[in-house]
Amino acid sequence: MTAPDRHRAGAAIVLAGLPGMGPRRLAALLDAWGPIEALARVASGRIERLELSDGTPLLAEMPLDRGDTLRRAWADAASSADPVAAQASHVERGVAVVLHGDPGYPDALAHDIEPPAVLFALGSLEHLDGPRAAIVGTRRCTGAGAGLARELGRDLTAAGVALVSGLALGIDGAAHRGALDVVRGGPGRAAPVGVVGCGLDVVYPERHRDLWDAVAASGVLLSETPLGVRPAAWRFPARNRIIAALADVLVVVESHAVGGSLHTVTEAERRDVPVLAVPGSVRSPAAAGTNQLLAEGCHPARDAADVLVALGLTPAARRPRSDRRRAPDEAGAALLEAFAWEPATLEQLAVRTGASLGSLAVNLEALVAQGWVTVRGGWYERVAP
Amino acid sequence: MLGIVPSASLLGVDGHAVTVEVHITKGLPSFTVVGLPDTSCREARDRVRAALQSSGCQWPMQRVTVNLAPPTVRKVGSGLDLAIAVAMLVASGQVQQPQVGSRAFLGELGLDGTVRGVAGTICLIDATGDGPLVLSADGVDEARLVGTRVLHPVRALREVVACLRGEAPWPVPGPALDPPPPPGLPDLAEVRGQPVARFALEVAAAGGHHLLMFGPPGSGKTMLAARLPGLLPPLDDRQALETTRIHSAAGLTIPRGALVRHPPFRSPHHGASSVALVGGGTALMRPGEISAAANGVLFLDELAEFAPHVLDALRQPLEEGVVRVARAAATVAYPARFLLVGAMNPCPCGYGSQPGGCRCTDSARVRYQRRVSGPLLDRFDLRVEVGRPRVEDLLGHDRGESSAAVAARVIEARDLAVMRGVRTNAELPIDELDAVAPLAEDAASLLEGALRSGRLSARGLHRVRRVARTIADLQGAPHQLTSTHVALALGLRVDASAVISDPQALAG
Numbered sequence: 001m002t003a004p005d006r007h008r009a010g011a012a013i014v015l016a017g018l019p020g021m022g023p024r025r026l027a028a029l030l031d032a033w034g035p036i037e038a039l040a041r042v043a044s045g046r047i048e049r050l051e052l053s054d055g056t057p058l059l060a061e062m063p064l065d066r067g068d069t070l071r072r073a074w075a076d077a078a079s080s081a082d083p084v085a086a087q088a089s090h091v092e093r094g095v096a097v098v099l100h101g102d103p104g105y106p107d108a109l110a111h112d113i114e115p116p117a118v119l120f121a122l123g124s125l126e127h128l129d130g131p132r133a134a135i136v137g138t139r140r141c142t143g144a145g146a147g148l149a150r151e152l153g154r155d156l157t158a159a160g161v162a163l164v165s166g167l168a169l170g171i172d173g174a175a176h177r178g179a180l181d182v183v184r185g186g187p188g189r190a191a192p193v194g195v196v197g198c199g200l201d202v203v204y205p206e207r208h209r210d211l212w213d214a215v216a217a218s219g220v221l222l223s224e225t226p227l228g229v230r231p232a233a234w235r236f237p238a239r240n241r242i243i244a245a246l247a248d249v250l251v252v253v254e255s256h257a258v259g260g261s262l263h264t265v266t267e268a269e270r271r272d273v274p275v276l277a278v279p280g281s282v283r284s285p286a287a288a289g290t291n292q293l294l295a296e297g298c299h300p301a302r303d304a305a306d307v308l309v310a311l312g313l314t315p316a317a318r319r320p321r322s323d324r325r326r327a328p329d330e331a332g333a334a335l336l337e338a339f340a341w342e343p344a345t346l347e348q349l350a351v352r353t354g355a356s357l358g359s360l361a362v363n364l365e366a367l368v369a370q371g372w373v374t375v376r377g378g379w380y381e382r383v384a385p
Numbered sequence: 001m002l003g004i005v006p007s008a009s010l011l012g013v014d015g016h017a018v019t020v021e022v023h024i025t026k027g028l029p030s031f032t033v034v035g036l037p038d039t040s041c042r043e044a045r046d047r048v049r050a051a052l053q054s055s056g057c058q059w060p061m062q063r064v065t066v067n068l069a070p071p072t073v074r075k076v077g078s079g080l081d082l083a084i085a086v087a088m089l090v091a092s093g094q095v096q097q098p099q100v101g102s103r104a105f106l107g108e109l110g111l112d113g114t115v116r117g118v119a120g121t122i123c124l125i126d127a128t129g130d131g132p133l134v135l136s137a138d139g140v141d142e143a144r145l146v147g148t149r150v151l152h153p154v155r156a157l158r159e160v161v162a163c164l165r166g167e168a169p170w171p172v173p174g175p176a177l178d179p180p181p182p183p184g185l186p187d188l189a190e191v192r193g194q195p196v197a198r199f200a201l202e203v204a205a206a207g208g209h210h211l212l213m214f215g216p217p218g219s220g221k222t223m224l225a226a227r228l229p230g231l232l233p234p235l236d237d238r239q240a241l242e243t244t245r246i247h248s249a250a251g252l253t254i255p256r257g258a259l260v261r262h263p264p265f266r267s268p269h270h271g272a273s274s275v276a277l278v279g280g281g282t283a284l285m286r287p288g289e290i291s292a293a294a295n296g297v298l299f300l301d302e303l304a305e306f307a308p309h310v311l312d313a314l315r316q317p318l319e320e321g322v323v324r325v326a327r328a329a330a331t332v333a334y335p336a337r338f339l340l341v342g343a344m345n346p347c348p349c350g351y352g353s354q355p356g357g358c359r360c361t362d363s364a365r366v367r368y369q370r371r372v373s374g375p376l377l378d379r380f381d382l383r384v385e386v387g388r389p390r391v392e393d394l395l396g397h398d399r400g401e402s403s404a405a406v407a408a409r410v411i412e413a414r415d416l417a418v419m420r421g422v423r424t425n426a427e428l429p430i431d432e433l434d435a436v437a438p439l440a441e442d443a444a445s446l447l448e449g450a451l452r453s454g455r456l457s458a459r460g461l462h463r464v465r466r467v468a469r470t471i472a473d474l475q476g477a478p479h480q481l482t483s484t485h486v487a488l489a490l491g492l493r494v495d496a497s498a499v500i501s502d503p504q505a506l507a508g
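Order-wise, the sequence lines are chains A and B.
All residue numbers for the first sequence refer to this note's numbering, where the first residue is 1 and numbers rise by one.
All residue numbers for the second sequence refer to this note's numbering, where the first residue is 1 and numbers rise by one.
These are calculated hints, taken from the structure and not from any lab test.
Predicted model only: the values in this text are computed from it and were never measured.
Accuracy of the hints is not assured; some may be wrong.
Covered stretches of chain A, as calculated for chain B (at least 3 residues, CB under 8 angstroms) [what the hints assert, rightly or not]: (1) 134-143; (2) 275-288; (3) 334-348; (4) 378-384.
Here are some, though not all, of the chain B residues that point toward chain A, as calculated from beta-carbon distances under 7 angstroms [what the hints assert, rightly or not]: (5) P195; (6) F199; (7) G350; (8) S353; (9) P355; (10) G356; (11) L446; (12) G449; (13) G476; (14) Q480; (15) T484; (16) V494; (17) D495; (18) A498; (19) V499.
Just so you know, even glycine gets a beta-carbon here, dropped at the ideal spot from N, CA and C.
Construct all of the structure, not just a fragment, from the sequences and the given hints.
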């Protein structure tokens, strides 16, 4: 990288890290002046006449003239920042910084309706070249939903489809775990792609640190914010638009009637990306959103084959998965039937089966030990192979 | 001139002997009370003056000093009124000291000379010495519950003066009242369905295990908890006396002419302060709700709505069975051995424990989970999910098992615990578990699996074994614990942190 390039990247990093700097403001600044002049103008406060892509003024969105406050905050932050040091720290951490329009900017995003003006990447951007499917869903999922997300992630990755997701708790994380289960399994496997809404060194949620590191190591992690930027609620919708933009097809595994995954669906529809939804029980609150999508005409995603067909690929003949769990005894098998693939409490199972609490508890513990059932809090759930 | 009359004053749940000395001398008319009186005690002046005047006695227009000995102990409340009035009569020469004799006096005075009962009478009796005790007719039933003192029930100061002057004989109490019929406790038969919650109540009653119920609004947690006292055995003499003393000191109504024989059920509102819960309010050092629940049930509905520091104040009494309250004036220990029953929603929306069921925001859940500390949740041996009862159960005619039938099993199980040298199985020492709760092979392997998978901690292991011991006792298996007992104990021990704190179900 030449010295002018480093300077450009450094200026872009500083601009992208300013407080309240969203994707549209950043794009407007960089499109108008390029990073170096934009930084100089921000530092001296000369950004009055700039407009966003839809014609609204850059800083006049807030009531009560927050624009002036923000301009001063930007000026203070920009004039005290050191672009060279910022660029050096990104190089040191192995984070690639790519500006929209530069060579090396991924094609997958370059022609999007709202491409990230600056892209930060940990891992190789080449992983974005093949077919990509995004799997999203609620953080408050059922065990069945998480199991299915994991299965989809596993099967799609094995079929050479790169899995795009947001590394959030629940469905997102489960899908990525599925991808990581098989990513090193042999030739033809695709690499996982994670898109996050904060700096690439700010692991969020903290519980997914292992997942975060594994995705960066075997695939690529993307963000449009520089290192050190904390997650904020308003950044997640922006993150969702990148997931939708990267997806050739979007699969929603579980979603409540209202939720972030439905925002990703809206972004996908703006981009004509096909959306598939996993059908769920009509009694499950976690499937209310997905069932609504199906009612509105989304295609159902029952397994990876449905997703592959939507991608225009030929699904391999489905092989029955080997189940290494010990077969349950007669009473255990009857109890599994009573679950009907929905979470249940001890009390519900007792009422459903009419069995005594004692024998029910013994049979449940045996099923838990054999891996047929999981228990969380007071709820038991049947587990797919 | 001097008048000396014995009486007693209450601190916590203990009575303290107080000698009332009144001295009258020449000087400007004044009235001073010395000897650490509190406000209600100092106000005795106005009540005593009015009562004396309405009873046809003279109020000396002289310098009056009232000393309440010993001067180091704080005197609280209005129970010394009668003694002060009598000492005034002696000091002013309206009655002679020998006429008082060894009699002690206890009672509050009304302005018209009425003698009223005093809170904590039962605690005060022994502190008033050995002589005859003159007290309000209201308090005589209570006083008769302890000891064989000579009691003189009086209704008005005028009556007392007449007796002192020898114009009338000292009254004697009427025949003792028959013990009141037992109060109608709510019956478990009224609970429809909900087999797990019913069973948890039975185990809690039999083993003295604290119980926490999770469930959405309207699942009947309060209704279930109110049925627990009916499952507990009646109090023995020692417990009955202890509970009656506490209730008397706390100013609660106690059955007329009888000790509190039924396990109390206290259900403080979640706005309660830590003083209200633990005790020590006002100079009286009144016992709190947890002492009022001693030998019975303390039910904390909406556990997470209690202030966190209030809940933390419960931890020490839960361990020791006694609560020690230290104030500037005094340090008092109250009995506080109770069965704790908590009820709470798993999260603000109430559906948080069901996988995929919660509708709360993350921040709302985090705020909620901070309200209940892990160490407190740990003290609940039994933690169950309570679901809404099914409509067919609610409308059906099948009545559940009655409280009486369950209580019979509970008494048998409790007898087994007593034979092991503890009051209840919840108190079994860890080093005796191997001897009194030996595990069958399948039970041991079940526990091993739960430990290895991280579902159970070392501390949890002991608690599960105690609960399994109680379950086995209830099911008539007094020796080895089988896998059924252990599996049930595990099933009645929901992982509280998974219910409350975790928005995520199973992320792969």
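Do the hints match the structure? See the list:
Counting residues of the stretch 134-143 of chain A whose CB lies closer than 8 angstroms to any CB of chain B gives 6, so the stated coverage by that chain holds, three being the minimum. Counting residues of the stretch 275-288 of chain A whose beta-carbon sits less than 8 angstroms from any beta-carbon of chain B gives 4, enough to reach three: the coverage restraint holds. For the stretch 334-348 of chain A, the stated coverage by chain B is satisfied: 5 residues place a CB nearer than 8 angstroms to a CB of that chain, which reaches the threshold of 3. With 3 residues carrying a beta carbon less than 8 angstroms from a beta carbon of chain B, the stretch 378-384 of chain A meets the three-residue requirement, and the given coverage holds.
Contact between P195 of chain B and chain A, as hinted, is supported at the beta carbon level, the nearest pair being about 5 angstroms apart and thus within 7 angstroms. Evaluation of the F199 of chain B hint against chain A yields a held restraint, the C-beta minimum of about 6 angstroms falling below 7 angstroms. Of the supplied interface hints, the one on G350 of chain B is violated, with its beta-carbon coming no nearer than about 12 angstroms to a beta-carbon of chain A, more than 7 angstroms. Interface hint status for S353 of chain B: upheld, as the beta-carbon distance to the closest one in chain A is roughly 4 angstroms, under 7 angstroms.
Here the hint on P355 of chain B is kept, as its CB sits about 4 angstroms from the closest CB of chain A, short of 7 angstroms. Of the supplied interface hints, the one on G356 of chain B holds, with its beta-carbon coming within about 3 angstroms of a beta-carbon of chain A, less than 7 angstroms. Because the closest C-beta pair between L446 of chain B and chain A is about 6 angstroms apart, less than 7 angstroms, the hint holds. Interface restraint check for G449 of chain B: the shortest CB-CB distance to chain A comes to about 5 angstroms, inside 7 angstroms, so the restraint holds.
Checking G476 of chain B against chain A: minimum C-beta separation of about 12 angstroms lies over 7 angstroms; hint violated. The interface hint given for Q480 of chain B is violated, since its Cβ lies 15 angstroms from the closest Cβ of chain A, which is over the 7 angstroms cut-off. For T484 of chain B, the interface hint holds, the least distance from its beta-carbon to any beta-carbon of chain A being 4 angstroms, beneath 7 angstroms. Given hint, V494 of chain B at the interface with chain A, holds; its Cβ is 4 angstroms from that chain's nearest Cβ, closer than 7 angstroms.
With its C-beta approaching chain A no nearer than about 6 angstroms, D495 of chain B sits inside the 7 angstroms limit, and its interface hint holds. At its closest, the beta carbon of A498 of chain B sits 4 angstroms from a beta carbon of chain A; the interface hint therefore holds under the 7 angstroms criterion. Below 7 angstroms, beta-carbon pairs count as interface contacts, and V499 of chain B has one with chain A at about 4 angstroms; its hint therefore holds.
Of the numbered hints given earlier, the model fails hints 7, 13 and 14; all others are met.
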